[in-house]
Every structure is written in structure tokens, then in C-alpha cells.
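K.L.:
Letter by letter, the chains look like this.
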Amino acid sequence: QQQVRQSPQSLTVWEGGTTVLTCSYEDSTFNYFPWYQQFPGEGPALLISILSVSDKKEDGRFTTFFNKREKKLSLHIIDSQPGDSATYFCAASNYNVLYFGSGTKLTVEP
Amino acid sequence: NAGVIQTPRHKVTGKGQEATLWCEPISGHSAVFWYRQTIVQGLEFLTYFRNQAPIDDSGMPKERFSAQMPNQSHSTLKIQSTQPQDSAVYLCASSLAGSTGQLYFGEGSKLTVL
Numbered sequence: 010q011q012q013v014r015q016s017p018q019s020l021t022v023w024e025g026g027t028t029v030l031t032c033s034y035e036d037s038t039f040n041y042f043p044w045y046q047q048f049p050g051e052g053p054a055l056l057i058s059i060l061s062v063s064d065k066k067e068d069g070r071f072t073t074f075f076n077k078r079e080k081k082l083s084l085h086i087i088d089s090q091p092g093d094s095a096t097y098f099c100a101a102s103n104y105n106v107l108y109f110g111s112g113t114k115l116t117v118e119p
Numbered sequence: 778n779a780g781v782i783q784t785p786r787h788k789v790t791g792k793g794q795e796a797t798l799w800c801e802p803i804s805g806h807s808a809v810f811w812y813r814q815t816i817v818q819g820l821e822f823l824t825y826f827r828n829q830a831p832i833d834d835s836g837m838p839k840e841r842f843s844a845q846m847p848n849q850s851h852s853t854l855k856i857q858s859t860q861p862q863d864s865a866v867y868l869c870a871s872s873l874a875g876s877t878g879q880l881y882f883g884e885g886s887k888l889t890v891l
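Those protein sequence lines, which keep their order, are chains A and B.
Basically the working numbering = 1-based index in the first sequence + 9.
Basically the working numbering = 1-based index in the second sequence + 777.
Isolated chain A, as found in the complex (with noise of 0.2 Å):
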């Protein structure tokens, strides 16, 4: 089920710094990319999302940006707080199956 690929497996970064995590994808029927963040011992929760005729999209300092023609998508995390420590899941979907990557554990280091 490789269907999204994500990079990297585990990232550490300093409290203030910016975080960027990374996916890929081949389908080019998927039109939807959600980012989702998973706390331990909870499920995932939705963080930001984009469908696929936008390029960028901002939340407070989450921001996701989608290049359809490269297939890739991904999440820029500015003043990064410790308690951003999470694991991150890209994931897309064509209205469908929603895919998800294999998620990138993120620790902020204060």
C-alpha cells in the first residue's frame, strides 16, 4: 500500500526552528491531502488540509504546499514548540480510499 511516500522517518529540531516534512505520491487521481498529527496513545487528528487546485494553505504556523505537476506535497511547521512533538501523517485520496504515509515522528527540543 505505498501509495504516499513520506520523508523523514524521525526529525529532531530546536524550539523557535522551522519544521519541513515531505510526501510524495503517483496517483494522479488523488485530489485531496490531509496532514494529520498523532499524540501516543491517541488516533490521528486532522491538522491542516489541501485539495488539489490550490498550492498553498495556512493555518496559524502550519502551512502545507501541493505541486501537482511534481507530485509532491508538504508541511512547513514555523516557531516549532515542544509540544508540536508528535507524529505526522500525510495522506491523500480521490474521493475514496484515503491513503496515508508512514508518518514522520517529530521531536522539539527546547
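Honestly, the hints are just simulated from the structure, not real lab data.
Nothing here was measured: the structure is a model prediction, and the numbers come from that model.
Among the hints, a few may not be true.
[Claimed, not checked] Okay, the calculated bits of chain B under chain A, using three or more residues with CB under 8 Å as the criterion:
1. 812–823
2. 882–889
[Stated by the list, open to error] For lysine-lysine, the following DSSO-like pairs were computed, each having C-alpha atoms within a straight-line distance of at most 30 Å:
3. A:LYS114 / A:LYS66
4. A:LYS114 / A:LYS80
5. B:LYS887 / A:LYS114
6. A:LYS114 / B:LYS788
7. A:LYS77 / A:LYS114
8. A:LYS65 / A:LYS77
[As the list claims (entries may be wrong)] Stretches of chain B that chain A covers, calculated by requiring three or more beta carbons in the stretch to come under 8 Å of a beta carbon on chain A:
9. 827–840
10. 863–875
We treat Cβ as the ideally placed atom computed from N, Cα and C, and that holds for glycine.
Assemble the complex: chain A is given as a structure, and chain B must be docked to it using the hints.
P.N.:
Chain B only, in chain A's frame:
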């Protein structure tokens, strides 16, 4: 408002035994998804119901796994003859608008097969 409720939170079974996992979606949500989460494979799609009807079960291992949604308030995932490789966290999610709407996940059922 209660979120997605999954029971049991933890289940330990012996190899070859049956395991049944329960999910109660958020009231009013028409879509229910099951995923399996492991460290190695990440979040794997298993199956998807919309308005209680099975829509896509392409992620389900064919022989020992089955899922049902007998009514709008619960879904079950049954694993027969459990194997150690079935050990995982099984996550249920519900959505108002299918896979392009926000999925609300439960906390998961952690299955350990000895």
C-alpha cells in the same frame, strides 16, 4: 459530544484464537473506516463503509479478516485464527463526508497475539 469509541482498548489473544474489535462511530457520521497501525507499516487502510454498506475492502487480508456494520451505531472487525503478525493497533474512524472530509479517529484497540 462523544468521539469515536473503540473497545476493547487492549486485547491479548493466543495464536489461533479469534479477536473481535468494536467501533461506535460519531452519531450522524455516514462513513466508517478501519485502519491498522504498526511501527513498520504505518497506517494501513483495511476497509470502508458508507451508510452501512461496504464500499472498499481492498486492504483486508482475504482469509482471516472480516468487517461488518450491522447498524449505523457500530461496526466490528473480526480476526479469525489470529497470528503474531496481526499484532497492531486497530484504528476506527468516522466521517461526515467520506474520505475527503475530516476523519475522526478513535483511540484504537491494541491487539497483541502471543
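K.L.:
Please go over all the hints and tell whether each is borne out by the structure.
P.N.:
For each hint, the structure was consulted:
1. 812–823: Three-residue rule met by the stretch 812–823 of chain B, so holds; n is 6.
2. 882–889: Three-residue rule met by the stretch 882–889 of chain B, so holds; n is 4.
3. A:LYS114 / A:LYS66: holds, 22 Å
4. A:LYS114 / A:LYS80: Between LYS114 of chain A and LYS80 of chain A the Cα gap is close to 22 Å, so the pair holds against 30 Å.
5. B:LYS887 / A:LYS114: holds, 20 Å
6. A:LYS114 / B:LYS788: holds, 26 Å
7. A:LYS77 / A:LYS114: Answer holds: LYS77 of chain A to LYS114 of chain A is near 25 Å, not above 30 Å.
8. A:LYS65 / A:LYS77: holds, 11 Å
9. 827–840: holds (count 4)
10. 863–875: holds (count 3)
Of the hints listed earlier, there is not a single one the structure fails to meet.
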